[in-house]
Amino acid sequence: EPEVTQTPSHQVTQMGQEVILRCVPISNHLYFYWYRQILGQKVEFLVSFYNNEISEKSEIFDDQFSVERPDGSNFTLKIRSTKLEDSAMYFCASSGIGGDDEQYFGPGTRLTVT
Amino acid sequence: QKEVEQDPGPLSVPEGAIVSLNCTYSNSAFQYFMWYRQYSRKGPELLMYTYSSGNKEDGRFTAQVDKSSKYISLFIRDSQPSDSATYLCAMSATFPYEAGSYQLTFGKGTKLSVIP
Chain A
1 EPEVTQTPSH
11 QVTQMGQEVI
21 LRCVPISNHL
31 YFYWYRQILG
41 QKVEFLVSFY
51 NNEISEKSEI
61 FDDQFSVERP
71 DGSNFTLKIR
81 STKLEDSAMY
91 FCASSGIGGD
101 DEQYFGPGTR
111 LTVT
Chain B
1 QKEVEQDPGP
11 LSVPEGAIVS
21 LNCTYSNSAF
31 QYFMWYRQYS
41 RKGPELLMYT
51 YSSGNKEDGR
61 FTAQVDKSSK
71 YISLFIRDSQ
81 PSDSATYLCA
91 MSATFPYEAG
101 SYQLTFGKGT
111 KLSVIP
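Protein chains in written order, with this note's numbering: chain A, 1 to 114; chain B, 1 to 116.
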């Protein structure tokens, strides 16, 4: 069964460093998303991406964040200068069209900022 | 007022019990409702989705939506220890087939334990 994959599973970084979280969405999906979940809190929407453009973004997704689809399979989230409060699980999701429009989530990357 | 409210539990039931999980919401624009299951330190896994008021069944699971009361429920019949997980309700103001991409708003999740 196709699935969304994410790497790394755990990333530890120092405050102020740049991190890139990687995702491989389901191959025929067209819409890609990032969500985050701070420990003990809700899953929160960050950004959606379609046709090489951001479709929607939340107020969390400020200038420190960027997304990119560098090739035909990867979808990345970059945090330019990490803060302690960026520590969270980051989930990638993807969805298709025409009856396959549910969002399927990856296993997540745990980001720890020290 | 928070957009989506969900009792975080924890909820502990004996094996075989009927489980009722609920969410309320304040945004009447929400049209598309989902239930996800999340095991510890894993990604959310879609269980069920529905667009309309009423009931939808899938095996031991029934999703119920009451748009007039802004209230959704998930019932699990004959609960099993393998059902032990956190259950997240999620909703969207956009129908995927209309807009393509859509943003999900989640509840906090209810942690369920089914005791053998």
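Incorrect hints may have been included.
Unchecked claim - Here are the simulated lysine-lysine pairs, DSS-like style, with alpha carbons at most 30 Å apart: (1) K42(B) / K42(A); (2) K70(B) / K83(A); (3) K111(B) / K70(B); (4) K78(A) / K42(B); (5) K42(A) / K111(B); (6) K42(A) / K57(A); (7) K42(A) / K108(B); (8) K57(A) / K108(B); (9) K56(B) / K111(B).
Bear in mind the hints are in silico, worked out from the structure with no lab data behind them.
Sort out whether K42(B) lies within 30 Å of K78(A), counting only the CA atoms.
21 Å, holds
So if I understand the rule, the pair passes when the alpha-carbon distance is 30 Å or less; does K56(B) with K111(B) pass?
Since the Cα atoms of K56(B) and K111(B) sit roughly 22 Å apart, the hinted pair holds (cutoff 30 Å).
Need the status of pair K42(B), K42(A): alpha-carbon distance at most 30 Å?
The given pair, whose Cα atoms are some 14 Å apart, holds under the 30 Å limit.
Tell me if the straight-line CA distance from K42(A) to K57(A) falls inside 30 Å.
17 Å, holds
Holds or violated: are the alpha carbons of K42(A) and K108(B) at most 30 Å from each other?
5 Å, holds
Between the alpha carbons of K57(A) and K108(B), is the straight-line distance 30 Å or under?
Answer holds: K57(A) to K108(B) is near 20 Å, not above 30 Å.
Holds or violated: K42(A) and K111(B), Cα atoms, limit 30 Å.
13 Å, holds
Would the pair K111(B) and K70(B) pass a check requiring their Cα atoms to be no farther apart than 30 Å?
Answer holds: K111(B) to K70(B) is near 22 Å, not above 30 Å.
Against the 30 Å threshold, does the CA-CA distance of K70(B) and K83(A) hold or violate the hint?
37 Å, violated
Hint 2 alone, counting from the list given before, is not met by this structure.
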